[in-house]
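Sequences listed follow chains A and B, in order. Its first residue numbered 15, the first sequence is counted upward by one per residue in the working numbering. Its first residue numbered 832, the second sequence is counted upward by one per residue in the working numbering.
Honestly, the hints are just simulated from the structure, not real lab data. Even glycine gets a Cβ: it sits at the ideal position worked out from N, Cα and C. Mixed in with the good hints, there may be bad ones.
[Said to hold, decoys possible] Mimicking DSS-like on lysine-lysine, the simulated pairs with C-alpha atoms at most 25 angstroms apart in a straight line are:
hint : chain 1 : residue 1 : chain 2 : residue 2
1    : B       : 873       : A       : 25
2    : B       : 887       : B       : 834
3    : B       : 943       : A       : 79
4    : A       : 79        : A       : 32
5    : B       : 834       : B       : 943
6    : B       : 834       : B       : 873
7    : A       : 25        : A       : 79
8    : A       : 25        : A       : 71
9    : B       : 887       : A       : 71
[As the list claims (entries may be wrong)] Here's a subset of chain A near chain B, in silico, CB distances under 7 angstroms, partners left out:
hint : residue
10   : 56
11   : 57
12   : 78
13   : 97
14   : 98
15   : 100
16   : 120
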Amino acid sequence: EAAVTQSPRSKVAVTGGKVTLSCHQTNNHDYMYWYRQDTGHGLRLIHYSYVADSTEKGDIPDGYKASRPSQENFSLILELASLSQTAVYFCASSDEGTSAETLYFGSGTRLTVL
Amino acid sequence: QQKVQQSPESLTVSEGAMASLNCTFSDGTSNNFRWYRQHSAKGLEVLVSIFSDGEKEEGRFTAHLNRANLHVSLHIREPQPSDSAVYLCAGLNYGSSGNKLIFGIGTLLSVKP
């Protein structure tokens, strides 16, 4: 069974503080993704990566940085957290190469910025 | 950017009655479609993936794709209270710098005993 582990499960941060969300996968997948989920917006892609040491901007990258130091690990960094970044964040991994590829999601990190 | 519209926003059905969910895409960019289920803001569970016109069945879940109409549906046979969750459809867009999933905002399904 594919496994994607996110940490922390939840976090409370102060406005202007730095927040790092971590993701680890044991699937040997090339692709990793960070999404945020807000009521009324569904899941929106922030950053993604298809190889270690390289990241790509998704649809809503502003205010976020990403880091992929190894195939297994993918971090999302909020340098200056803002109230609008309160959301649930999901990490996912996928196996490139087949037309029937599947994303495997972590359980999410609930971030509250005060 | 491609938009994904899901309907209805919420649906209540009785246990054992068929549940039908719909998804319409704004353009034909996606090549591959899938339905996910999410229980109470937890991780997403993929239910069925489909990339050819027609039907694809996975247990009690059947997806139907009509590319010409930019429409994907999900039918849940004999739904149970444990199927109560948010159902998300998504289209996979292949690009030169990687693949991306575009999600709808979801349909909240409630199954009454």
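Taken at face value, is the distance from the CA of residue 25/A to the CA of residue 873/B at most 25 angstroms?
-> OK: residue 873/B and residue 25/A at ~15 angstroms, within 25 angstroms.
Interface hint for residue 97/A, Cβ within 7 angstroms of any Cβ on chain B = Hint on residue 97/A: violated, closest Cβ of chain B at ~19 angstroms, above 7 angstroms.
25 angstroms limit on alpha-carbon distance, applied to hinted pair residue 79/A and residue 32/A = 11 angstroms, holds
With chain B as the partner, please determine if residue 57/A meets the hint condition of a C-beta pair closer than 7 angstroms.
-> 4 angstroms, holds
Interface restraint verdict for residue 100/A against chain B (beta-carbon cut-off 7 angstroms) = Not OK, violated: residue 100/A not within 7 angstroms of chain B, min 13 angstroms.
If you draw a straight line from the CA of residue 887/B to the CA of residue 834/B, is it 25 angstroms or shorter?
-> 23 angstroms, holds
With 7 angstroms as the cut and Cβ atoms as the points, is residue 78/A at the interface with chain B?
-> Given a least distance of 16 angstroms, the restraint on residue 78/A is violated.
Was the hint right that residue 98/A lines chain B, CB cutoff 7 angstroms?
-> At 18 angstroms from the nearest chain B Cβ, residue 98/A fails the 7 angstroms test, so the hint is violated.
Hint validity - residue 56/A Cβ closer than 7 angstroms to any chain B Cβ = 4 angstroms, holds
Given pair status - residue 943/B, residue 834/B, alpha carbons within 25 angstroms = 31 angstroms, violated
Taking 25 angstroms as the top limit, are the C-alpha atoms of residue 943/B and residue 79/A close enough?
-> 43 angstroms, violated
Could you grab the alpha-carbon distance between residue 25/A and residue 79/A and see if it respects the 25 angstroms cut-off?
-> 18 angstroms, holds
The structure fails to meet hints 3, 5, 9, 12, 13, 14 and 15 from the earlier list, while all remaining hints are met.
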